[in-house]
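Student: Listed below, chain by chain, are the residues.
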Amino acid sequence: MFKNFFLGLTAIIIGLFLIIFLIIPIIQVLYVSFLDPSGNLTVSNFYDFFKSQLFRESLYNSFYVAIMSVLLSSIFAIPLAYFTTRFNFKGSVIIQVLGFIPLIMPPFVGAIAMKLLFGNNGSINLILNDWFGFKIPFMEGLNGVIFVESVHYFPFILVNLISSLNNIDRSMEESAQNLGSRGLRLFRRIILPLSMPGYIAGASLVFLKVFDDLGTPLLLNVNNMLAPQAYLRISTIGINDPMGYVICVILLAVSILSVWIAKISLGGKDYSMLQKGGAGGILKRDFLPYQKKLAYFVIFLILFLVLSPHIALTLLSFGTIWSFSPLPDDYTFGHYKTIFQNSFYIKNTLIYCLIAAFLDIVLAFLISYIVLRTKFKGRQLLDYIAMSSVAVPGLVLGVGYLKTFYSVQLPWSDKSLAFWWVMIVIVLTIRRLPYALRACSAALMQISKSLEESAESLGAKKITIFRKILIPLMTGGLLTGFITSFSTATVELSATIMLVSQQSDAPLAYAIYSYMQTPAGRGPGASFGVIGVIIVALATFATQFIIEKKFKQKKPQTNINL
Amino acid sequence: MNNIVEIKNINLFYGNNHILKDISIEIKEKDFFTFLGPSGCGKTTLLRLIAGFEKSKSGEVFISGNEISNLNPWERDVGMVFQNYALWPHMSVFKNISFGLEEKKFSRSEINERVKEVLKLVDLTGLSERYPYQLSGGQQQRVALARTLIVKPKVLLLDEPLSNLDAKLRIQMRKELLEMHRKLGITIIFVTHDQEEANSMSDTIAVFDKGIVQQIGKPIDLYNNPKNLFVANFLGTTNIIDGSVYKNNDENYFKSSKGLIIKNVLSYNSSECKILLRPQNLYLEKPNSEILFQEFEAKIISKEFLGNIIRYIINLNDHILILDTAHEINRKIYNSDEIIKIYLDSKKIKTF
Ligand SMILES: Nc1ncnc2c1ncn2[C@@H]1O[C@H](COP(=O)(O)OP(=O)(O)O)[C@@H](O)[C@H]1O
Ligand SMILES: [Mg+2]
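Protein sequences appear in the order of chains A and B.
For the first sequence, this note's numbering assigns the number 20 to the initial residue and increments by one for each residue that follows.
For the second sequence, this note's numbering assigns the number 15 to the initial residue and increments by one for each residue that follows.
Check the hints yourself; a few may be wrong.
Claimed, not checked - Listed below are the simulated DSS-like cross-link pairs for lysine-lysine, each with C-alpha atoms no more than 27 Å apart in a straight line:
hint	chain 1	residue 1	chain 2	residue 2
1	B	K361	B	K261
2	B	K261	A	K311
3	A	K282	B	K109
4	A	K109	B	K71
5	B	K35	A	K303
6	A	K303	B	K261
7	B	K361	A	K303
8	B	K35	A	K311
The hints are simulated quantities; they were obtained by calculation from the structure and are not laboratory data.
Construct the entire structure; sequences and hints are all you get.
Tutor: Here it is as structure tokens:
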């Protein structure tokens with residue numbers, strides 16, 4: 020009885036936490052978007068939105084950029100997915116490594132560096148101009164956003180597509196051949212439709228990420244898109260200007276829509292169930308010699324593109340002056356000196372993200388326990404709400420926090436609650452909770468209930484069962500959840516950018532963003548970027564290592580999807 | 015009758031593993047031909063070779079007299095039903111079944127006509143708009159069958175088609191398959207590891223072990239005249255006793271490793287040998303007949319009531335043997351530890 024009461028109380032507290040820090044801020048955003056200046060409800064704000072030439076253009080541009088990014092990402096991803104799943108091919112290892120890239124560096128970090136490499140006066144175009152006498156406008160206006168986003172996010176399509184191709188049993192194809200089908204026709208009628216769910220899941224994820232991204236367009240100085248417009252309205256005109264909120268509502272709606280599309284494309288048709296048996300994966304072939312050369316060429320080209328932001332960022336962080344030349348004029352450690360003088364950014368990030376990730380796994384553990392092991396009414400709702408934050412763009416959440424907590428004053432200073440550093444931690448916690456929750460639920464689901472029940476029948480208390488049975492068995496899942504939350508929080512910008520009021524509270528991502536805005540700040544900004552990438556990469560490899568070597572547990576499936 | 019399928023000296027390797035060893039088989043038109051053997055003996059591999067999904071290192075496959083070893087799977091005109099059915103989950107039953115005809119560019123009206131026909135044949139009329147995941151295992155299997163039958167292949171290859179069904183459905187499907195075979199007059203190559211299934215359905219059986227064809231023949235011939243112990247064992251319950259054969263006064267005697275002596279066995283060219291005794295050829299009462307039965311003393315260890323027969327486990331000279339008697343209402347039933355007399359006819363003993 021007592022332990023049920025205690026768990027019930029925990030459930031209520033978690034519910035309240037989610038309501039205050041997730042539901043209410045979103046309702047605030049919705050509410051303000053429907054208010055007229057005198058405080059009455061109206062839809063005229065939306066009417067005004069569509070009347071404005073700038074906003075219509077921004078809406079169009081956001082869709083255009085998101086769709087083109089999906090297309091370009093597909094062009095990168097499809098051949099790679101095809102090579103690995105269709106052929107006996109050593110290059111597959113490289114392709115698998117590519118799956119990590121978007122996790123370790125978000126596009127805004129590399130945006131400026133990409134400009135130096137691919138811009139109108141960037142290294143590639145200078146070389147092209149010298150050798151062939153023409154330039155390619157990779158980075159002009161919207162092109163730049165599309166290019167940078169695709170280079171970073173195409174692995175979402177790649178990974179999902181590979182896993183769905185690997186789920187196609189070879190007998191699917193063989194039975195078609197047996198009935199007289201072959202070649203392209205067979206591909207179109209069997210392979211393509213069967214791999215569609217994975218592709219759509221990846222594509223809608225790319226769409227979502229690009230549509231919501233704030234940092235990349237801002238840094239590339241492309242302001243006529245939705246996210247930058249919302250940010251600029253609220254940060255320049257003020258937090259009561261309804262237009263910012265209208266844009267947020269649109270961002271939210273599109274985001275929910277694309278998550279929904281991804282869900283139904285994956286959920287409705289789990290094809291893998293019906294294809295058991297057989298060797299797994301589509302039929303593999305050997306390359307012909309010329310095909311092999313072509314494949315390696317394509318892979319190295321894409322690999323170069325994918326690594327180019329990293330290369331450029333590193334060059335930028337060591338370069339003195341880098342403009343109108345293929346490589347920096349000279350190299351220095353100066354920028355790194357600058358960042359160590361301002362190391363509080365790094366310290367802030369580590370503190371914020373470690374706390375947020377810790378809160379995430381505690382919440383995730385409790386939520387998954389409540390959902391999977393108790394019979395409380397409405398426990399499923401807890402899970403839905405916690406997971407729903409994947410569909411909420413960071414910017415929208417940030418704006419919601421600002422609006423909700425701005426008027427609350429901290430008792431011990433004249434500052435607003437919205438600008439207290441703890442709010443940054445909480446917004447990160449909420450944003451990353453779904454990652455941790457998925458890892459925890461997966462881990463808990465693999466543990467048989469009978470283990471706990473037998474311990475219970477021997478008289479063990481709940482808390483002992485947690486400590487001695489569940490937590491040790493779930494270490495892999497908990498750790499994965501922790502690191503994923505931590506590392507993705509490290510480079511989170513769009514939610515936190517709204518909540519930073521003073522430099523001394525700012526996290527690393529904010530520092531990268533603000534340094535990168537001025538030419539003089541690029542070097543240090545890039546150095547911060549490199550530090551961020553290193554932190555995330557170390558964390559990622561550390562988990563991998565610890566889980567595989569020490570715990571001998573199978574890593575829970577961290578398939579990148581929604 | 016003509017041979018529709020001829021397999022000649024097939025050798026197939028996976029890496030260094032010699033999977034199919036010098037396989038030669040001839041299959042007559044309209045035959046219900048079964049590949050029987052334990053799991054892993056290469057049945058599926060041979061079926062896949064016939065369908066064109068595997069390449070052999072040497073040997074040839076002929077269909078209707080034409081060599082097809084180098085043809086692609088889509089050019090072969092053999093229909094294969096996969097063990098896991100391999101229905102396409104994204105297509106309805108109708109789409110699954112019409113696929114083959116669409117690939118062969120049949121007209122819409124003819125496709126509709128033939129789908130209707132074949133749905134009726136496999137008793138699935140009315141389910142054509144369902145998707146595979148909405149069907150039971152038995153229904154999925156019928157769809158798989160219909161999908162292959164509709165293109166009227168020269169040979170139908172069935173890879174353990176009944177193994178995923180529950181016992182009751184399996185018996186029913188046996189009947190239906192035979193019915194279909196009779197009605198369509200098609201050649202079927204049927205794969206199974208279940209001897210009862212093979213015996214009850216096949217015209218001809220090829221018994222496989224370790225990638226080698228052990229014996230080919232009609233079910234009854236295989237049972238009566240197994241060429242080796244493997245075939246004997248695989249096709250029914252047997253008692254096997256090892257020992258040796260010696261000659262005395264122009265008669266062959268068998269002496270078992272534990273001293274049991276049986277007179278008048280068939281000669282054998284090497285002295286070390288094994289004899290094979292079917293459980294139903296050991297008798298508890300001396301049958302009324304002209305034949306000279308030999309008599310032995312044995313002890314009942316246990317008995318098992320199997321309905322139409324009673325199966326005794328007996329100890330004969332320290333050999334543990336199985337003895338089956340037909341169960342009749344008034345027949346005496348023996349209990350454990352009873353000492354009994356048993357009778358056997360040495361002509362029914364096989365020596366290997
Ligand atoms: N793709 C493969 N690669 C390597 N060995 C295989 C492969 N497929 C089957 N084998 C081996 O070939 C042998 C025959 O397999 P199979 O034809 O499937 O047996 P059956 O159908 O009689 O159970 C088995 O020993 C199996 O392990
Ligand atoms: Mg098999």
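Student: All hints are to be evaluated individually against the structure, with a verdict given for each.
Tutor: Hints and how they fare:
Between K361/B and K261/B the alpha-carbon distance is near 17 Å, which keeps this suggested pair within the 27 Å criterion. Note on K261/B and K311/A: the hinted pairing is violated, with a Cα-Cα distance of about 71 Å set against a maximum of 27 Å. Simply put, K282/A and K109/B have alpha-carbon atoms about 26 Å apart, close enough for the 27 Å limit, and the pair holds. Simply put, K109/A and K71/B have alpha-carbon atoms about 26 Å apart, close enough for the 27 Å limit, and the pair holds.
For the hint linking K35/B to K303/A, the alpha-carbon distance of about 25 Å falls within 27 Å, and the restraint holds. For the proposed pair K303/A and K261/B, the alpha carbon gap of about 62 Å is over 27 Å, so the pair is violated. Between the alpha carbons of K361/B and K303/A the distance comes to roughly 57 Å, so the proposed pair goes past 27 Å and is violated. Between K35/B and K311/A the CA atoms are separated by roughly 34 Å; this puts the pair beyond 27 Å, and the hint is violated.
Figure legend: structure checked against the earlier numbered hints; hints not met, in rising order: 2, 6, 7 and 8.
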